[in-house]
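Chemist: Let the sequences and hints guide you as you build the complete structure.
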Amino acid sequence: MKNINKNRLFIASCLALITTAMTFAIRARLETVFGPEGIGLTLEQIGYAFAPAFFGFTIAMIIGGPLVDLLGIKKITWMAFLTHAVGIVLTLLADSMTSLFIATLFIGIGNGFVEAALNPMVASMYPEQKTKMLNRFHVWFPGGIVIGAILGWLIMDVLGLSWQVMVGALFIPLVIYGVLFFGQKIPVTERVQLGISNQKMFSSVLKPLFLFMVACMFLTAASELGTTQRIESLLKESVAKPLLVLAFINGIMALGRLFAGQVVHKLSPSGMLLYSAIFTFIGLWLLTVTSGGMTFVAAAVFAVGVTFFWPTMLGFVAEYLPETGALGLSIMGGAGMFSVSIVLPVMGNLMDNASAAEALRTMSILPAILIVAFFGLHMYMKKRQKTFEV
43 MKNINKNRLF IASCLALITT AMTFAIRARL ETVFGPEGIG LTLEQIGYAF
93 APAFFGFTIA MIIGGPLVDL LGIKKITWMA FLTHAVGIVL TLLADSMTSL
143 FIATLFIGIG NGFVEAALNP MVASMYPEQK TKMLNRFHVW FPGGIVIGAI
193 LGWLIMDVLG LSWQVMVGAL FIPLVIYGVL FFGQKIPVTE RVQLGISNQK
243 MFSSVLKPLF LFMVACMFLT AASELGTTQR IESLLKESVA KPLLVLAFIN
293 GIMALGRLFA GQVVHKLSPS GMLLYSAIFT FIGLWLLTVT SGGMTFVAAA
343 VFAVGVTFFW PTMLGFVAEY LPETGALGLS IMGGAGMFSV SIVLPVMGNL
393 MDNASAAEAL RTMSILPAIL IVAFFGLHMY MKKRQKTFEV
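Sequence positions in the sequence shown follow our numbering and run 43 to 432.
Bear in mind the hints are in silico, worked out from the structure with no lab data behind them.
Keep in mind the model is a prediction, meaning the values are calculated, not measured.
No residue lacks a Cβ here, since even glycine has one placed at the ideal position from N, Cα and C.
Among these hints, one or two may not hold up.
[To be verified] Pairs of lysine to any residue, SDA-like flavour, derived with a Cα cap of 20 Å: (1) K48 / L134; (2) K283 / V75; (3) K116 / K283; (4) K174 / F338; (5) K308 / I218.
[Claimed, not checked] Pairwise CB distance ranges, derived in the manner of DEER restraints: (6) L248 / L196: 47 to 55 Å; (7) V207 / V230: 34 to 42 Å; (8) I411 / K249: 16 to 24 Å; (9) Y422 / G210: 45 to 53 Å.
Modeler: Take a look at the structure:
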């Protein structure tokens with residue numbers, strides 16, 4: 043990888059992911075701006091308006107995955123930059139469910155292109171440390187949510203400025219990552235480096251183990267992002283400033299991912315996923331029965347659970363199914379975000395017609411299923427490892 047500035051590219055990638063993550067935190071704060079006490083949308087309508095952030099992400103991942111190998115990582119990265127910019131401008135102009143829907147769609151597509159391009163770039167730059175470096179890269183998803191949540195709280199709740207100022211803050215990381223990527227030589231994907239054919243890549247994504255991981259990604263992503271995206275409404279009766287709970291959760295996640303290397307050393311990826319599912323289930327259940335300061339205790343347990351879900355799912359595929367290439371990583375990310383687009387309106391309906399606690403109880407079913415699934419995966423991987431050793 044001659045003439046490739048890995049450090050600059052990694053920092054630029056992290057800033058692109060910070061931009062992506064800040065949109066999640068800022069969108070969570072916009073729920074009250076556009077909701078019943080603001081512009082007047084119902085919580086179910088908000089769910090539909092926010093859904094494109096997730097299925098738009100999926101569309102970009104599914105399109106961007108194969109195109110990363112064909113067009114190169116650089117072109118997909120600049121497509122992310124452009125759609126991010128358009129999405130931010132349209133969000134600033136949004137004043138209805140329809141306009142918010144369109145703005146959120148562009149943001150979602152930009153976010154999807156970021157992951158479609160930069161997950162395989164990180165994997166190709168650090169072939170011997172995939173799970174560790176993907177976790178380190180994904181530090182900046184919760185890290186960016188912390189930044190966005192605190193900025194949203196400061197701008198709107200402390201300084202009393204308009205929501206447009208909060209949204210406009212997204213231009214800061216956007217411009218910086220654009221400058222850092224400009225003029226840089228970017229590596230080809232690992233699949234291209236290994237000379238794996240398109241035919242083998244497409245056949246590999248039909249392997250039972252990969253399909254199993256895709257199914258699990260539906261549940262891990264919905265457990266994490268479905269909950270955090272609607273935290274303003276879910277916890278408004280339990281705690282005074284739900285956005286600070288969001289920052290707290292993501293602060294724990296960022297720290298956990300920063301030290302993921304040590305955890306990977308002690309636990310296998312499948313073991314990490316099993317423990318994650320257990321803590322996520324306990325955390326969600328605790329959030330249904332706590333209030334006030336104890337909400338932060340429940341949130342901490344939930345945060346420990348979801349910390350390693352997303353990057354370890356990607357790391358598992360990159361390590362054990364490398365022949366799936368950028369397409370495999372894109373399908374995984376796309377499946378995760380698509381599941382959240384389905385969950386958001388369902389949660390909104392539950393909150394409109396039942397209660398926030400009922401929505402959280404329903405969500406806790408997902409990690410309960412994952413405990414069984416990941417226990418089976420862990421046993422399978424241990425058996426497979428023993429077979430290879432023999």
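Chemist: I want to verify a distance hint. Is the separation of the beta carbons of Y422 and G210 within 45 to 53 Å?
Modeler: Given a distance of about 49 Å, which is inside 45 to 53 Å, the answer is holds.
Chemist: Compare the distance between the alpha carbons of K283 and V75 with 20 Å, and conclude whether the hinted pair is satisfied.
Modeler: 15 Å, holds
Chemist: Given the hint that K308 pairs with I218, does the C-alpha gap stay at or below 20 Å?
Modeler: Roughly 36 Å between the alpha carbons, so the hint for K308 and I218 is violated.
Chemist: Cβ-Cβ distance between L248 and L196: within 47 to 55 Å?
Modeler: Taking Cβ atoms as reference, L248 and L196 lie about 48 Å apart, which means the hint holds.
Chemist: For the pair supplied as a hint, K116 and K283, confirm whether the alpha-carbon distance does not exceed 20 Å.
Modeler: Since the Cα atoms of K116 and K283 sit roughly 40 Å apart, the hinted pair is violated (cutoff 20 Å).
Chemist: Per the hint of 16 to 24 Å, is the separation of the Cβ atoms of I411 and K249 within bounds?
Modeler: Between I411 and K249, where Cβ atoms are some 22 Å apart, the hint holds.
Chemist: Does K174 pair with F338 here, judged by a C-alpha cut-off of 20 Å?
Modeler: 28 Å, violated
Chemist: Within a Cα-Cα threshold of 20 Å, do K48 and L134 meet the stated pairing?
Modeler: 34 Å, violated
Chemist: Honestly, do V207 and V230 meet the 34 to 42 Å range at C-beta?
Modeler: For V230 against V207, whose Cβ atoms are near 41 Å apart, the range 34 to 42 Å holds.
Comparing the model with each numbered hint stated earlier shows that hints 1, 3, 4 and 5 do not hold.
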